[in-house]
Amino acid sequence: MAEQLMKYSEAVKKFDPVIGLETHVELSTNTKLFCPAPISFGAEPNTELTPVSLGLPGSLPVINEAAVDYAIKLGLALHCQINEWSQFSRKNYFYPDMPRDYQISQYDKPTNGEGYLDVELEDGTVFRVPIERAHIEDDAGKNTHVGGADGRIEGADHSLVDYNRAGVPLIEIVTKPIEGAGDRAPEIAGAYMRAIRDIVRALNISHARMEQGNMRADVNVSLRRDPSDPFGTRSETKNVNSFRGIERTIQYEIRRQAAILDKGGEILQETRHWDEASQATAGGRVKSDADDYRYFPDPDLVMLHITPEHVDEIRKQMPEMPRERRNRLKGEWNFSDIEMRDVVNADALDLIEETVKLGATPAGAKKWWLGELSREANAKGVALEELDITPQAVADVERLIADGKLNDKLAKQTVAFVLKGEGTPEQIVEAHGFKVVSDNGALQAAVQEALDANPDVVEKLKGGNMKPMGAIIGAVMRATKGQADAKAVTKIVMEKIKG
Amino acid sequence: MTDTTELVKLSAVQMAEKLRAKEITSRDLVSAQLDVIDAAEPSIKAFLTVSGEAALEQADAFDNLSDSEKAELPELAGVPIAIKDMIVTKGIQTTAASRILEGWIPPYDATVIEKLKAAHMPLLGKTNLDEFAQGSSTEHSAYQNTSNPWDVERVPGGSGGGSAAAVSSFEAPLALGTDTGGSIRQPGALTGTVGVKPTYGGVSRFGAIAMASSLDQIGPVTRTVLDSALLQEIIGGHDKRDSTSIPEGPRPMVAAAREGQRRDLKGLKVGLVKELNGEGFQPGVEARFHEAVDMLTAMGAEVVEVSCPNFKYSLGAYYIIMPSEVSSNLARYDGMRYGLRVMPPEDVAQTAANMMAYTREAGFGDEVKRRIILGTYALSAGYYDAWYGSAQKVRTLIINDFKKAFEQADVLVSPTSPTTAFKFGEKMDDPLAMYMNDIATIPANLAGVPAMSIPAGLSDDGLPVGFQFIAPQQRDEVMYKPAAALEAALEESWGAPIWSSLKTPWLDGLNK
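Protein chains in written order, with the numbering used here: chain A, 1 to 499; chain B, 1001 to 1512.
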């Protein structure tokens, strides 16, 4: 059963991988692509319907102009040629989840033509992914197979169909064959998908949640001995819906195909699927030239006319793209490449930006979101933004520290209470009586006491060795029940030693 | 109160006048029509469903309106109408005369039905047709054969044979049809009624069951030209639910028809299409056609011959484009969501794909299957350019032919159908002979231009002959004027409307 795999490092030494990605992005319009049925996640099955989304006899599609504008935005972000005239075509095939038994898609006249996307890899290298097209189409309904193992159709007793999703607008972004990726093919695919996710979020045109199926990709992989050879036969792994899955699919397919080709075997042109449990792709339907969707222009829909003026209008409304924004913020915040990558990987960019806007220093904001709060989110298994703390609260804590009203220790306690829902930082400071001891007399006395108790430390400090300073601060903290300001303590110690 | 037989022989305009004069009520009209339907149906079989009770309720609703409310309504308010069963009616079974939709009760109304309801026009019921409007004799209905009221041994034409026969037999003063290649006009010609195919996009297709979407149009079926004009103004106009709908209101057709009744055609240039008469046309049809052309001349029109050389390819192009669209439009009838479902026999795998196959095998008739197969083939990879691509090019050539012809003439004329009504079964085994019926009507569908058929008298065999007018795109009113003029001139020459010579045994004994 288990397939022969070649070691990855050996596979990419012997073969040149070529990959291609077809990414489906579900648009977050209020209504469907061709009728006014509402769209919401998790609605009761078969409640978000009109005669059009059920394909009832006599019903006709009418284009949702908001969806077209969303598509133009994405086209601009991907540097695509926005075609002045585009057309919807019917893709004919029978399937229970297709209300009309044809999908309305775009064929030879897509709205968005050729373009590209520059993606940044871990080490800062920029790789240009060539885009073939980004066209508009409607989604099918959803089948649920009941009675078989794992919800698969094989062995199922019966199936249920939910047409709520039927007619939801999709954009399919099709890359050209991505060549020259070499051993970094999986990484490039992952970075590309994350970049698409960031772009559609920045454009606010999709919820872009892979786990909810808002984004999914068909992953094409083929191998050839040498970059000068023609493309090899490809496999197409359908509907992969996680970044890791996409990377692993490519890795797996490279290893699987390399093992076959190395033995003189032939790659079957087929559709496969990624199985998360076994971390492997499994064979599906053998594709052949016999697959014939009998595309023809949909006579129910007139051609889409997108004037250059309209494109200009949309261009003016385009927000800053994620990569440009990252570079700008990196400069403004004076972060290193590594610091910035940590921020991005922690999904903390928006939160830090907001916190800084509310008055915190970039370093201070980063310290909280990537430190305490990331640990808390990890422990709870939630996203950073789902924690019960706002950028406002973090900025408030930072302000209290700057004002000398909180020290690090008290600040951590305050944040912990905010997370428990006890109120704003000010309210918590008030309620718990947190107070940094800045009364000079009390602090002077406590420091003197600590110095007297540690003459060896005093000697070292006098000799210029600052390492034992912590011991004095610790002693003062204990004496003041944590309410001393460490900076103030250090200052007094230095004065006393010099004095 | 007027006698039933007298009442039902009135034109819709005359009925409306009596309503306004309070001589009759809408309920009187509907009751009279229902009586005629009861009496005529055993021999005519025009209706698949009669919605009598709902029609009476709609009539009462109209009758209960105040005079000022009635004054706001279109002229034909309160006059009942029959609907081809290709148009979706909320709560009334809609079958397209196919087994595959047997029992389907639509949850919504077509736009034209909404407009008729808003105009307070009671719906008498749903009329028979060739299954999914595919045929020229109504013999391809899965339910029944409809008889031609002029000779019950003969077909009423098709696909809208039910609507044409209902209007011709006085079961209804008005009806709606759908015309994809002549399905309103050819039955009009064969039953001595008026049938209009409006400009493509002039009447919303929302709720018209699709046969070939780029060709389908809903249009009026009536006994007079003026009734058609009034009806088309009610059902026409822009509809945002149909993207192919023209974003403008209906043309001034009623005014044009009323002007035509004055029978002055001075300044009008009439183009006689060389390719649409002569060879292949029945001598009696040719004779009535040329007599009518002479009448147009007598009323002051200038008649010129125009040539449309590419019309000879229109039948071929039509029989590629139409089945291609049919093959896709009819895919949705798969047993999954509505209509017929046939499960495979026990020894066959009980899969969705097999259920779809058995359902479609049982639910579709031969002609529908023939066209689905033709269209599937024409759209296949490797054949698309040769078939569908070439046919679309022919379509462009035909549009250009019309453009040139309309540079020489305001309106074009031809016989509507090459023959008068034929006998049941006569062409059922010869699809090509059946397809030839539409030779003169198809070009207007391919080009999207408006066209209408009006009765031009009886051929030597005593059966009605149709006379076709074709106007430029979005200029529907241009054909209404000469059509009304010719109708008036012909009526004067006959001394009475054409239907006065129709024998109506089903009306005997109705005036108790």
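Hint data in this document are derived by calculation from the structure and do not stem from the laboratory.
Keep in mind that the hints are not guaranteed to be accurate.
[What the hints assert, rightly or not] A few chain B residues that face chain A, going by a derived Cβ cut-off under 7 Å, partial list only: (1) Val1088; (2) Ile1092; (3) Ala1110; (4) Ala1208; (5) Ser1214; (6) Ser1328; (7) Ala1352; (8) Tyr1358.
[As the list claims (entries may be wrong)] With a cut-off of at most 30 Å between alpha-carbon atoms, the simulated DSSO-like pairs for lysine-lysine come out as follows: (9) B/Lys1240 <-> A/Lys142; (10) B/Lys1117 <-> A/Lys109; (11) B/Lys1369 <-> B/Lys1393.
Backbone N, C-alpha and C fix where the C-beta goes; we use that ideal spot for every residue, glycine too.
So, B/Ala1110 near chain A? Judge it on the closest CB pair being under 7 Å. holds (6 Å)
Does B/Ala1352 pass the interface hint, meaning its C-beta sits closer than 7 Å to a C-beta of chain A? Result: holds, 5 Å to nearest chain A Cβ.
Let me know if the C-beta of B/Ala1208 comes in closer than 7 Å to any C-beta of chain A, holds or violated. This interface hint holds because 6 Å falls under the 7 Å limit.
Keeping to a limit of 30 Å between CA atoms, is the pair of B/Lys1240 and A/Lys142 held or broken? This hinted pair holds, its Cα atoms lying about 29 Å apart.
Just to be careful: measuring from the Cβ of B/Ser1328 to every Cβ in chain A, is the smallest value less than 7 Å? Hint holds; B/Ser1328 Cβ to chain A Cβ min 5 Å, cut 7 Å.
For the hint on B/Ser1214, just tell me whether its beta-carbon gets within less than 7 Å of chain A. Holds: closest Cβ of chain A sits about 4 Å from B/Ser1214, inside 7 Å.
Holds or violated: B/Ile1092 as interface residue toward chain A, Cβ cutoff 7 Å? violated (13 Å)
Hint check: 7 Å Cβ-Cβ cutoff, B/Val1088 to chain A: Holds. Min distance 4 Å.
B/Tyr1358 as an interface hint toward chain A, with CB separation required under 7 Å: violated (13 Å)
Between the alpha carbons of B/Lys1117 and A/Lys109, is the straight-line distance 30 Å or under? violated (41 Å)
Would the hint linking B/Lys1369 and B/Lys1393 be met if the CA-CA limit is 30 Å? With a Cα-Cα distance of about 26 Å, the restraint between B/Lys1369 and B/Lys1393 holds, given a limit of 30 Å.
Consistency with the previously given hints fails for numbers 2, 8, 10, ordered from lowest to highest.
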